[in-house]
Amino acid sequence: MPAFILLTVLTAIRVLGRNRLRAGLTMLGIVIGVGAVIAMVSIGEGAKAAVAQRVASMGTNVIIVLPGSTTVGGVHGGQGGAVTLTISDGMDLKKRVPLLRDTGWAKRDVMQIINGNKNWNGPVNGISPSYLTIRDWSFASGGPFTQQDVDTAARVALVGQTVVENLFDAGEEPVGAVIRIKNVPFRVIGVLAPKGQSAQGSDQDDIIFIPFSTAERKVFGTQFLGSVGALFASTERVEDLVPASDQIRETLRLRHRLQPQQEDDFTIRTQVDIGKVQEGTSETLTVMLFAIASVSLLVGGIGIMNILLVSVTERTREIGVRMAVGAKRRHILMQFLIEAMTLSLVGGCIGILFGVLGARLATVIAGWPTIISGNTVAAAFAFSVAVGLFFGLYPADKASRLNPIDALRYE
Amino acid sequence: MPPLIRCEDIWKIYRLGDVEVHALRGLDLSIEQGEFVAIIGSSGSGKSTLMNILGCLDQPTRGRYWLNGIDVAALQNDQLADIRNQEIGFVFQSFNLIPRTSALENAQLPLFYRGMSLREQRALATTALGRVGLQGREQHYPAQLSGGQQQRVAIARALVTSPSLLLADEPTGNLDTESSREIMTILDRLNKEQDITIILVTHEADIAAYAEREVVIKDGRVLTDRNTKPGVSLSPTEA
Numbered sequence: 004m005p006a007f008i009l010l011t012v013l014t015a016i017r018v019l020g021r022n023r024l025r026a027g028l029t030m031l032g033i034v035i036g037v038g039a040v041i042a043m044v045s046i047g048e049g050a051k052a053a054v055a056q057r058v059a060s061m062g063t064n065v066i067i068v069l070p071g072s073t074t075v076g077g078v079h080g081g082q083g084g085a086v087t088l089t090i091s092d093g094m095d096l097k098k099r100v101p102l103l104r105d106t107g108w109a110k111r112d113v114m115q116i117i118n119g120n121k122n123w124n125g126p127v128n129g130i131s132p133s134y135l136t137i138r139d140w141s142f143a144s145g146g147p148f149t150q151q152d153v154d155t156a157a158r159v160a161l162v163g164q165t166v167v168e169n170l171f172d173a174g175e176e177p178v179g180a181v182i183r184i185k186n187v188p189f190r191v192i193g194v195l196a197p198k199g200q201s202a203q204g205s206d207q208d209d210i211i212f213i214p215f216s217t218a219e220r221k222v223f224g225t226q227f228l229g230s231v232g233a234l235f236a237s238t239e240r241v242e243d244l245v246p247a248s249d250q251i252r253e254t255l256r257l258r259h260r261l262q263p264q265q266e267d268d269f270t271i272r273t274q275v276d277i278g279k280v281q282e283g284t285s286e287t288l289t290v291m292l293f294a295i296a297s298v299s300l301l302v303g304g305i306g307i308m309n310i311l312l313v314s315v316t317e318r319t320r321e322i323g324v325r326m327a328v329g330a331k332r333r334h335i336l337m338q339f340l341i342e343a344m345t346l347s348l349v350g351g352c353i354g355i356l357f358g359v360l361g362a363r364l365a366t367v368i369a370g371w372p373t374i375i376s377g378n379t380v381a382a383a384f385a386f387s388v389a390v391g392l393f394f395g396l397y398p399a400d401k402a403s404r405l406n407p408i409d410a411l412r413y414e
Numbered sequence: 480m481p482p483l484i485r486c487e488d489i490w491k492i493y494r495l496g497d498v499e500v501h502a503l504r505g506l507d508l509s510i511e512q513g514e515f516v517a518i519i520g521s522s523g524s525g526k527s528t529l530m531n532i533l534g535c536l537d538q539p540t541r542g543r544y545w546l547n548g549i550d551v552a553a554l555q556n557d558q559l560a561d562i563r564n565q566e567i568g569f570v571f572q573s574f575n576l577i578p579r580t581s582a583l584e585n586a587q588l589p590l591f592y593r594g595m596s597l598r599e600q601r602a603l604a605t606t607a608l609g610r611v612g613l614q615g616r617e618q619h620y621p622a623q624l625s626g627g628q629q630q631r632v633a634i635a636r637a638l639v640t641s642p643s644l645l646l647a648d649e650p651t652g653n654l655d656t657e658s659s660r661e662i663m664t665i666l667d668r669l670n671k672e673q674d675i676t677i678i679l680v681t682h683e684a685d686i687a688a689y690a691e692r693e694v695v696i697k698d699g700r701v702l703t704d705r706n707t708k709p710g711v712s713l714s715p716t717e718a
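Just so you know, the sequences run in chain order X and B.
Going by this note's numbering, the first residue of the first sequence is number 4, and it counts up by one from there.
Going by this note's numbering, the first residue of the second sequence is number 480, and it counts up by one from there.
Looking at chain X on its own, in the form it has when it is part of the complex (with noise of 0.2 angstroms):
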């Protein structure tokens, strides 16, 4: 049987090559359909990848709590347009909530910063020491600010890579530079390491910290004194994140005397919550590739089966001759089954050439990054076997149960 099989591989491969052609046409389905799913799976699965970076570029079981917003005669102030959240707060919860392994605070405004004689508009933003370490913010070079530099409101910024891009020439050493934000002298105590872009797409390296402290007091010119534009906080494992949203909000409702019936004036989001957003979109694209995919193959697979039903026909008296020198029925099956799986399996190759090569132009043209799995790899050739023994069963069958009388004769 092995032997049987080999050679009706080798003599359908033969059969196909004669009506290179039509062999061609006829897997053109099959190649645009599984060469289409793969480099859609590749660019969906790079940017899936490339969500689950920026996700985790923010820190590790991060905690944001926003301040709520206001309604000021009837206009409604957006989120975060109120100061309900404050240093106090802040504190307060370290102390309080004992799944949290550390909590910080930020507040931040857009300013010209400049440096000799250029000028860069970016956020600045007056940050706790611990901010640093909730977001794994790390250094390219110098280091952070400590406590000290807060208590003293210091004069000492730290800058993200696109800040020093537009402030400094190339080569320059910006760790110990001076620049001014307001006209605020600050020396530049160190630079951050890129993180690129946020989950939300923006430029996470355009940014300059300074302490919260000299923020308030020297740049900001802050109303409320230990207002914060957004508190930070970070558990030791991804489980604790729920219970310990759960007792910062019981905390903070207790400290804003807020009654059971009224609202929250602030907003709790974790980071689980921020990357679910994310997947929620990248499943929207499968289940829509799923069914691009499994058009493209129906189409592929009727084609498969229309050309063999031609071969069929075309050949009767072959099929005829074989049955008459001994083919049983079974042996008739095989013979065009292989044919149709050889045509589909050889379709699905060149589909997943042509998949791989179309994602690599995408990351070669467009930017944008592509992953390719094995198993996406896998399930396409599977798939492209698969189609070909669904479609090519009917033809198949039909020619096997011919008479072979009938077939001999046939004109």
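Don't read these hints as lab results, they were simulated from the structure.
From the three backbone atoms N, C-alpha and C, an ideal C-beta is built for every residue, glycine too.
Misleading hints may appear alongside valid ones.
No farther apart than 25 angstroms at their CA atoms in a straight line, the calculated lysine to any residue pairs in the SDA-like style are these [stated by the list, open to error]:
#: 1; chain 1: X; residue 1: K221; chain 2: X; residue 2: F171
#: 2; chain 1: X; residue 1: K331; chain 2: B; residue 2: D561
#: 3; chain 1: X; residue 1: K331; chain 2: B; residue 2: L583
#: 4; chain 1: X; residue 1: K97; chain 2: X; residue 2: T254
Derived list of chain X stretches under chain B, where covered just means 3 residues or more per stretch with a C-beta under 8 angstroms from a C-beta of chain B [as the list claims (entries may be wrong)]:
#: 5; stretch: 319-325
#: 6; stretch: 402-411
Label-pair restraints from in silico Cβ distances [said to hold, decoys possible]:
#: 7; chain 1: B; residue 1: Q614; chain 2: X; residue 2: F393; range: 42 to 48 angstroms
#: 8; chain 1: B; residue 1: D655; chain 2: X; residue 2: L9; range: 36 to 42 angstroms
#: 9; chain 1: B; residue 1: I549; chain 2: X; residue 2: A294; range: 53 to 59 angstroms
#: 10; chain 1: B; residue 1: P481; chain 2: X; residue 2: L13; range: 38 to 44 angstroms
#: 11; chain 1: B; residue 1: G612; chain 2: X; residue 2: G27; range: 39 to 45 angstroms
#: 12; chain 1: X; residue 1: A294; chain 2: B; residue 2: Q565; range: 50 to 56 angstroms
#: 13; chain 1: X; residue 1: L28; chain 2: B; residue 2: Q565; range: 38 to 44 angstroms
#: 14; chain 1: X; residue 1: E317; chain 2: B; residue 2: G612; range: 27 to 33 angstroms
#: 15; chain 1: X; residue 1: A382; chain 2: B; residue 2: Q565; range: 42 to 48 angstroms
#: 16; chain 1: X; residue 1: L364; chain 2: B; residue 2: Q614; range: 55 to 61 angstroms
#: 17; chain 1: X; residue 1: F393; chain 2: B; residue 2: Q673; range: 44 to 50 angstroms
#: 18; chain 1: B; residue 1: R660; chain 2: X; residue 2: L28; range: 43 to 49 angstroms
#: 19; chain 1: B; residue 1: D667; chain 2: X; residue 2: G27; range: 45 to 51 angstroms
#: 20; chain 1: X; residue 1: L9; chain 2: B; residue 2: P481; range: 39 to 45 angstroms
We have chain X already, so just place chain B on it with the hints.
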């Protein structure tokens, strides 16, 4: 030794719409190992139906048929395929070679369904082509061969399994006189030298003359059955 072929009261009835066609009506026939028999009959006589039954391509509606001691009428399709593969070689009027496939591979075809190794298949098919005088033409396609040569490939295909019976259905029907004589000479030689039983269906008297025994079929029965070459020893087939 039992006869190679024994048919007893064979009936074949077809249904064409509402009409019943009695192609064979109680035919009796017995053929010994090593005979060269011509079956003659006008069209509609039932000789094609008889060939199909003798070739195990079809089964009788009623009656018994033993081939080499095997009761063929009782067999299933797959078993019939085995019998065809092992006991019978076919030669058709229109050659029925597989197009765009070399002479060697055409001759190999029956062995293909025996699960034989490719090397063995090639060796046997090459020998068979040699026996019909086609050495050196193994790689030719049917389209590159003359009619007579194509029919010789078909004979090689029939011989390759060393069958006990060779069924030739109008083997010269599509050939010119010269090629016809060639083919008949080969068949005659196979019968004489290799003791292969040959059943030849034809309506041409000069072709039938190569056989030793002539069976005339009419209206689904044997009309006459005679030894055409007295002197050659024949076992009596009719009581």
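Evaluated hints:
1. Straight-line distance between C-alpha atoms of K221 (chain X) and F171 (chain X) comes to about 24 angstroms, which keeps the hinted pair within the 25 angstroms bound.
2. For the proposed pair K331 (chain X) and D561 (chain B), the alpha carbon gap of about 8 angstroms is at most 25 angstroms, so the pair holds.
3. With a C-alpha separation of about 22 angstroms, the suggested pairing of K331 (chain X) with L583 (chain B) holds against the 25 angstroms cut-off.
4. Between K97 (chain X) and T254 (chain X) the alpha-carbon distance is near 10 angstroms, which keeps this suggested pair within the 25 angstroms criterion.
5. Against chain B, the stretch 319-325 of chain X contributes 5 residues with a C-beta closer than 8 angstroms to a partner C-beta. That satisfies the three-residue criterion, and the hint holds.
6. Residues of the stretch 402-411 of chain X with a Cβ under 8 angstroms from some Cβ of chain B number 3, which satisfies the need for three, so the listed coverage holds.
7. At roughly 46 angstroms, the beta carbons of Q614 (chain B) and F393 (chain X) sit within the given window of 42 to 48 angstroms.
8. Roughly 41 angstroms separates the CB atoms of D655 (chain B) and L9 (chain X), a value that falls within the hinted 36 to 42 angstroms.
9. At roughly 58 angstroms, the beta-carbon separation of I549 (chain B) and A294 (chain X) lies within the given 53 to 59 angstroms, and the hint holds.
10. Checked against the hint of 38 to 44 angstroms, the C-beta distance between P481 (chain B) and L13 (chain X) comes to roughly 42 angstroms, which is consistent with it.
11. The beta-carbon spacing between G612 (chain B) and G27 (chain X), approximately 41 angstroms, falls within the hinted interval of 39 to 45 angstroms.
12. Judged by the Cβ atoms, the range 50 to 56 angstroms given for A294 (chain X) and Q565 (chain B) holds: they are separated by roughly 53 angstroms.
13. Between L28 (chain X) and Q565 (chain B), the C-beta spacing of about 42 angstroms keeps the proposed range 38 to 44 angstroms intact.
14. The beta-carbon spacing between E317 (chain X) and G612 (chain B), approximately 32 angstroms, falls within the hinted interval of 27 to 33 angstroms.
15. Remark: the range hint 42 to 48 angstroms for A382 (chain X) to Q565 (chain B) is upheld by a beta-carbon distance near 45 angstroms.
16. As the Cβ distance of L364 (chain X) to Q614 (chain B) is approximately 56 angstroms, the hint placing it in 55 to 61 angstroms holds.
17. Distance hint for F393 (chain X) and Q673 (chain B): a CB-CB separation of about 49 angstroms, consistent with the stated range 44 to 50 angstroms.
18. For the pair R660 (chain B) and L28 (chain X), the supplied restraint of 43 to 49 angstroms holds, since their beta-carbon distance comes to about 48 angstroms.
19. For the pair D667 (chain B) and G27 (chain X), the beta carbons lie near 50 angstroms from each other, so the given range of 45 to 51 angstroms is met.
20. The given range of 39 to 45 angstroms is respected by L9 (chain X) and P481 (chain B), whose C-beta atoms sit roughly 40 angstroms from each other.
Checked against the numbered hints given earlier, this structure breaks none of them.
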